[in-house]
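> The residues making up each chain are set out below.
There are 2 protein chains.
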Amino acid sequence: MVDSRWSPASAGRRRGPELERAILEAALEQLGTVGWNALTMEGVAAGAQTGKAALYRRWPSKTDLVADALRTALPQIGEIPDCGSIREDLHLLCVRTRAVMYSRAGQALWSVLHECDHAHAERFHGVISSRLQEPARQLIGELLVRGIERGDVRADATGPLVVDVIPAMLMYRSKVCGSEWQDGEIAELIDQVMVPLLRV
Amino acid sequence: MVDSRWSPASAGRRRGPELERAILEAALEQLGTVGWNALTMEGVAAGAQTGKAALYRRWPSKTDLVADALRTALPQIGEIPDCGSIREDLHLLCVRTRAVMYSRAGQALWSVLHECDHAHAERFHGVISSRLQEPARQLIGELLVRGIERGDVRADATGPLVVDVIPAMLMYRSKVCGSEWQDGEIAELIDQVMVPLLRV
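Going down the list, the protein sequences come from chains X and S.
Sequential numbering of the first sequence, starting at 1, is according to this note's numbering.
Sequential numbering of the second sequence, starting at 1001, is according to this note's numbering.
I should point out that these hints are in silico values taken from the structure, not numbers from a laboratory.
A few of these clues could be false.
What the hints assert, rightly or not - Residues from chain S that face chain X, not an exhaustive set, calculated with beta carbons under 8 Å: (1) GLY1051; (2) ILE1080; (3) HIS1120; (4) GLY1126; (5) ILE1128; (6) MET1171; (7) VAL1176.
Where a beta carbon is used, it is the ideal one built from N, C-alpha and C, also for glycine.
Can you make the complete structure from the sequences, with help from the hints?
Written out as structure tokens, the structure reads:
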């Protein structure tokens, strides 16, 4: 709990990891309220009730700080238990991926990408790649292997393009078409696209 | 041909459509050299060898001008003749869509989207939607119907999600994964994803 009487001086008594968490949280908070362009190290320091020096000791730039805040806050898709069929496995994966995309950090990450310039965008694309895209790709690959072993996925349904269909569809329809991926639409993605694509 | 001795006064003799083309071309040129943020109505007017008033008579704002320049310059996917199989039809469609994405105007459109703020982005998303996304969706739908009639596409492979797979994959792997969609990768998209997805 943050005591409203805390001042930078008293906040300075927080230990390293605790202070670090407060700074990352303040960065995410600033990002949600003022956006990427207006976010400043001063503003984040004030939000975390600490001094600018505490930030610069850990993150050489605003980009480093924000990338770290997003990376830390972005939820993970997590393990997908065997639900008995590829249909159920991929359905759960989609629901979990949607939760990451629409999480506070996921939304903030997209706003930053829209707002920042090209050089910074590469850095934030790196966060998406390492925290969302690569884990999703690997996880889907594992589900496909499980399906091949189970017998409800054709043996040659591996390869880099097949594992990208779900991430591509989730992102495209969300970002380009403005879809909110209601439950019914996720079910349609599985039944109209993934199950036919993978069937033996 | 633009005569290097032309001045705004002599350029003023150009007729409406000719002057309009020169202005739209100058806008695209400015976009490619200085980018969205640094583009000005003055700069475009100078590039088109005309005055600012000629621009404001036609486009109330920089956004209107640039959206119009992109809309006008963006190539169309065009009709897809019957190539004999859904495999060949979709291959040609992918090659044509790639050409639109990587055209000068297509690249400029993506740069603008990266550079401009959220309010303007909606306007430029509208250009993508009306000039690329909706035509692609409709065209793919027609190819699927042709395939169903021909007999190499299953009868229930219609619906909004199936027609979005190619645009989603082209965009996702290009914009998120940095793929350049070499010919071999397009062939893989057709053979590993689309043909299995659509087979009877």
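> Compare the structure with each hint and give your call.
Structure-based check of all given hints:
{"no.": "1", "hint": "GLY1051", "verdict": "31 Å, violated"}
{"no.": "2", "hint": "ILE1080", "verdict": "21 Å, violated"}
{"no.": "3", "hint": "HIS1120", "verdict": "10 Å, violated"}
{"no.": "4", "hint": "GLY1126", "verdict": "11 Å, violated"}
{"no.": "5", "hint": "ILE1128", "verdict": "7 Å, holds"}
{"no.": "6", "hint": "MET1171", "verdict": "6 Å, holds"}
{"no.": "7", "hint": "VAL1176", "verdict": "6 Å, holds"}
Checked against the numbered hints listed earlier, the structure breaks hints 1, 2, 3, 4; every other hint is satisfied.
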